[in-house]
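A.B. asks: The lines below spell out each chain.
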Amino acid sequence: QQKVQQSPESLTVSEGAMASLNCTFSDGTSNNFRWYRQHSAKGLEVLVSIFSDGEKEEGRFTAHLNRANLHVSLHIREPQPSDSAVYLCAVRQGGSAKLIFGEGTKLTVSS
Amino acid sequence: GPKVLQIPSHQIIDMGQMVTLNCDPVSNHLYFYWYKQILGQQMEFLVNFYNGKVMEKSKLFKDQFSVERPDGSYFTLKIQPTALEDSAVYFCASSFPGLGDYEQYFGPGTRLTVL
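In order, the protein sequences belong to chains A and B. Letter 61 of the first sequence, counting from 1, is numbered 276 in my numbering, and no numbers are missing. Letter 51 of the second sequence, counting from 1, is numbered 83 in my numbering, and no numbers are missing.
No lab work stands behind these hints: they were computed from the structure. Please note: incorrect hints may appear among the correct ones.
What the hints assert, rightly or not - List of simulated lysine-lysine pairs, PhoX-like, C-alpha gap at most 20 Å:
id, chain 1, residue 1, chain 2, residue 2
1, B, Lys110, B, Lys91
2, B, Lys89, B, Lys110
3, B, Lys35, A, Lys257
4, B, Lys91, A, Lys218
Claimed, not checked - If you anchor each label on the Cβ, the simulated ranges turn out as follows:
id, chain 1, residue 1, chain 2, residue 2, range
5, A, Pro296, B, Gly104, 37 to 47 Å
6, B, Leu92, A, Pro223, 23 to 33 Å
7, B, Asp103, A, Glu293, 39 to 49 Å
8, B, Leu71, A, Lys218, 16 to 26 Å
9, A, Gly231, B, Lys94, 43 to 53 Å
10, A, Glu230, B, Asp46, 45 to 55 Å
11, A, Glu272, B, Leu116, 41 to 51 Å
12, A, Glu230, B, Leu116, 34 to 44 Å
13, B, Gly72, A, Gln308, 17 to 27 Å
14, A, Ser241, B, Asp56, 29 to 39 Å
15, B, Leu71, A, Pro223, 12 to 22 Å
Just so you know, even glycine gets a beta-carbon here, dropped at the ideal spot from N, CA and C.
Construct the complete structure from the given sequences, taking the supplied hints into account.
C.D. replies: Written as structure tokens, this is what we have:
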């Protein structure tokens with residue numbers, strides 16, 4: 216059974232400083248990774264999807280995937296207070312449509 | 033981006049009663065999902081549904097749970113009877129189609145409180 220873990224549990228950064236979030240997974244055959252953002256009382260907003268080792272950039276959000284190390288990270292460039300939210304890592308395995316989520320990282324961006 | 037709507041946003045019911053959670057998926061999507069998130073815990077997959085059938089379900093999808101999408105209207109999750117441990121936020125998602133690298137778009141969730 217795939218296990219997805221995120222760190223840190225919470226993170227506070229100053230506006231404009233880089234924010235880095237981590238996610239580890241247990242099944243090295245996974246090939247489909249997503250980062251979502253969850254604001255209170257709102258649905259999940261997909262930020263970036265990545266399917267092969269390396270880097271994928273979507274605006275201020277960059278994901279790095281290293282399947283050999285079972286690790287995917289999210290970096291947020293020039294974070295704003297409006298980026299304060301819970302960030303979720305999700306992994307999908309081939310042959311299945313279900314997403315396995317981590318427990319989330321609560322990001323606070325102070326002005 | 034595409035929007036998934038969920039009705040109601042909050043439901044409070046007594047244990048043992050039936051409840052139906054409604055999801056209005058993105059109009060051209062074909063795959064539909066329910067996920068459950070207990071307060072303070074991670075979101076967990078319940079079920080996905082395509083072409084009138086359950087395609088995958090997890091062990092959280094108990095016999096008391098059922099899903100349907102009659103005549104292309106709301107995609108519903110029915111729980112009958114409810115139990116205290118069913119208290120959670122239930123998120124609906126849809127995608128076009130389900131497998132492959134198509135995004136799942138999530139609704140804002142329905143908070144279910146079972147007393």
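A.B. asks: Run every hint past the structure and note whether it holds.
C.D. replies: Against the structure, the hints:
For the hint linking B/Lys110 to B/Lys91, the alpha-carbon distance of about 16 Å falls within 20 Å, and the restraint holds. Between B/Lys89 and B/Lys110, the direct Cα distance comes to roughly 15 Å. Compliance with the 20 Å bound is thereby established for this hinted pair. Pair hint B/Lys35 plus A/Lys257 holds up; C-alpha atoms about 11 Å apart against a cutoff of 20 Å. About 16 Å separates the Cα atoms of B/Lys91 and A/Lys218, which keeps this hinted pair within 20 Å; it holds.
Judged by the Cβ atoms, the range 37 to 47 Å given for A/Pro296 and B/Gly104 holds: they are separated by roughly 41 Å. At about 27 Å, the CB distance of B/Leu92 to A/Pro223 agrees with the hint of 23 to 33 Å. The beta-carbon spacing between B/Asp103 and A/Glu293, approximately 48 Å, falls within the hinted interval of 39 to 49 Å. In this structure, B/Leu71 and A/Lys218 meet the distance hint of 16 to 26 Å, their C-beta atoms being roughly 21 Å apart.
In this structure, A/Gly231 and B/Lys94 meet the distance hint of 43 to 53 Å, their C-beta atoms being roughly 48 Å apart. For A/Glu230 and B/Asp46, the Cβ-Cβ distance of about 47 Å falls inside the hinted range of 45 to 55 Å, so the restraint holds. Distance hint check: the CB atoms of A/Glu272 and B/Leu116 are about 45 Å apart, consistent with the given range 41 to 51 Å. In this structure the supplied range 34 to 44 Å holds for A/Glu230 paired with B/Leu116, their Cβ-Cβ distance being about 42 Å.
Between B/Gly72 and A/Gln308 the beta carbon distance is about 26 Å. The supplied range of 17 to 27 Å therefore holds. For the hinted restraint 29 to 39 Å between A/Ser241 and B/Asp56, the CB-CB distance of approximately 35 Å keeps it satisfied. Separated by about 20 Å at the C-beta atoms, B/Leu71 and A/Pro223 satisfy the suggested range of 12 to 22 Å.
Hint compliance for this structure: no hint is broken.
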